[in-house]
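Asker: Protein chains in written order, with my numbering: chain G, 527 to 804; chain R, 6 to 111.
Treat each hint with caution, since some may be false.
Claimed, not checked - In silico contact screen, one side only, chain R against chain G (beta carbon under 10 angstroms); selected entries:
(1) G17
(2) H31
(3) L36
(4) G55
(5) E57
(6) A58
(7) V59
(8) A60
(9) V63
(10) R67
(11) S85
(12) A100
(13) Y105
(14) E108
(15) K111
Claimed, not checked - Simulated DEER-style distance windows between Cβ atoms:
(16) G606(G) - K46(R): 16 to 24 angstroms
(17) E540(G) - T44(R): 50 to 58 angstroms
(18) V42(R) - V683(G): 20 to 28 angstroms
(19) K46(R) - G705(G): 57 to 65 angstroms
Everything labelled a hint here was simulated from the structure, so no lab data went into it.
We put the beta carbon where it would ideally sit given N, CA and C, even for glycine.
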Amino acid sequence: MTPPRLDELPSHAEALPSLPEVVNHLMRSLNDESADVDTLAHHINSDPAIVARLLAAANSVATGLPTKIYTAKQAFLVLGADRVVRIILASALTYRYDTRGSGFDARLLWRHSLGVATCARVLAEQTGANPEMAFTGGLLHDVGQLLMYTACPTSYVQALDLRQRDDIPLITAERSIFGYDHTQAGRTLAITWKLPDEIAEAIGAHHEPDDLGSEIGNLVHVSEVLSHALDLGEQPSNRVPELSELACATLGLSWPKLTGHFAEIEARYNGIQVALGL
Amino acid sequence: MKSRTLYFPPGGIAPGMTLAKTIVDHDGHALLTEGTVLTLKMLDRLIRRGIEAVAVAVIDTRDDETIARELETSESRVNSIFRGPGSPARERLRATILNYRQECAK
Chain G
527 MTPPRLDELP
537 SHAEALPSLP
547 EVVNHLMRSL
557 NDESADVDTL
567 AHHINSDPAI
577 VARLLAAANS
587 VATGLPTKIY
597 TAKQAFLVLG
607 ADRVVRIILA
617 SALTYRYDTR
627 GSGFDARLLW
637 RHSLGVATCA
647 RVLAEQTGAN
657 PEMAFTGGLL
667 HDVGQLLMYT
677 ACPTSYVQAL
687 DLRQRDDIPL
697 ITAERSIFGY
707 DHTQAGRTLA
717 ITWKLPDEIA
727 EAIGAHHEPD
737 DLGSEIGNLV
747 HVSEVLSHAL
757 DLGEQPSNRV
767 PELSELACAT
777 LGLSWPKLTG
787 HFAEIEARYN
797 GIQVALGL
Chain R
6 MKSRTLYFPP
16 GGIAPGMTLA
26 KTIVDHDGHA
36 LLTEGTVLTL
46 KMLDRLIRRG
56 IEAVAVAVID
66 TRDDETIARE
76 LETSESRVNS
86 IFRGPGSPAR
96 ERLRATILNY
106 RQECAK
């Protein structure tokens with residue numbers, strides 16, 4: 527089977543399950559200061575599968591609390607809106623896109639994406655960017671891999687094998703087989719799904735951010751590299767990708783200053799990973 | 006007795022543990038100061054304030070040989086994940102991570 531061209535990918539996006547409505551709503555609310563708890567809780571309650579996952583995750587986060595969390599509204603009150611939104615986005619995406627097949631396991635992709643999202647949120651807190659947008663960009667940055675695998679599983683597994691065999695970056699292996707990589711595929715998907723522009727930028731720029739020069743693109747790029755460097759997800763073949771000098775300089779990052787947040791990133795990552803059962 | 010600092014989500018901390026680092030909220034206000042012995046009520050409050058990670062002091066029961074072994078393992082893992090050539094920016098990150106892992110293992 528020949529892999530599809532990049533311009534043919536949007537037609538293959540239909541083979542992926544659509545984004546849960548609540549995820550669409552939450553992403554639209556990321557830039558909306560007036561989004562209120564009642565409206566958010568109402569949207570969440572329209573999807574029982576998401577409510578069930580939210581309550582399981584919320585009770586895991588709040589293990590030490592004397593009372594249990596029984597409703598979405600209660601989760602908002604106990605854990606705060608930002609945190610509930612993060613839990614819902616992560617749990618909704620990981621259960622809706624739980625693609626598994628020979629040579630491909632979406633759970634590994636989501637574990638890594640959660641690591642990047644956690645780094646992105648902490649880096650955003652340090653650089654003054656929108657932490658929730660950064661988290662979401664991190665969570666979705668590799669979604670192009672799902673689309674490429676769904677469009678042509680045999681070619682995608684071939685790319686994964688090539689990366690493993692020659693110990694080369696995944697984007698190099700993908701380009702040699704598909705003629706494009708998952709950052710381009712992911713950006714195409716983000717546009718097809720009508721995701722916010724910032725998310726499309728984060729996805730498109732996360733390996734090579736210099737051309738786009740977008741703040742969130744730089745942030746998710748550095749988070750991608752930092753997540754590999756901190757070994758979040760501990761994949762045996764983990765290899766730290768190239769880091770853009772320009773992205774670090776533009777964000778004004780100082781590693782000695784950020785070192786103080788590494789242990790916190792690891793603890794946050796472990797907390798959300800356990801909460802989501804990933 | 007020797008102790009070391011480890012980070013945990015507040016939901017994973019038992020009451021009675023000692024805070025190893027002052028907790029500051031998003032606005033920079035100190036919520037609890039270093040040395041505080043944590044109670045269930047405090048942990049409850051931290052969860053409700055959205056604090057996701059807390060540094061606590063735990064007794065370090067490792068002997069020198071175990072510490073040396075942990076140091077060696079973490080250094081070799083850092084060298085493995087940073088294998089291959091890289092830009093000066095990547096090299097600086099490698100040095101930062103190596104230093105961080107050495108500090109953690111001590």
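Asker: If a hint holds in the structure, say so; if it doesn't, say that too.
Answerer: Verification of the hints:
1. G17: 7 angstroms, holds
2. H31: Nearest chain G Cβ about 8 angstroms off; hint holds.
3. L36: 14 angstroms, violated
4. G55: G55(R) check passes; min Cβ-Cβ to chain G is 4 angstroms, inside 10 angstroms.
5. E57: 5 angstroms, holds
6. A58: 4 angstroms, holds
7. V59: 8 angstroms, holds
8. A60: 7 angstroms, holds
9. V63: 13 angstroms, violated
10. R67: At about 17 angstroms, which exceeds the 10 angstroms cut-off, the nearest Cβ of chain G leaves the hint on R67(R) violated.
11. S85: 8 angstroms, holds
12. A100: 8 angstroms, holds
13. Y105: This interface hint holds because 5 angstroms falls under the 10 angstroms limit.
14. E108: 8 angstroms, holds
15. K111: Status violated, d = 13 angstroms.
16. G606(G) - K46(R): 16 to 24 angstroms: 18 angstroms, holds
17. E540(G) - T44(R): 50 to 58 angstroms: 54 angstroms, holds
18. V42(R) - V683(G): 20 to 28 angstroms: 53 angstroms, violated
19. K46(R) - G705(G): 57 to 65 angstroms: Because 60 angstroms falls inside the window, the suggested range holds.
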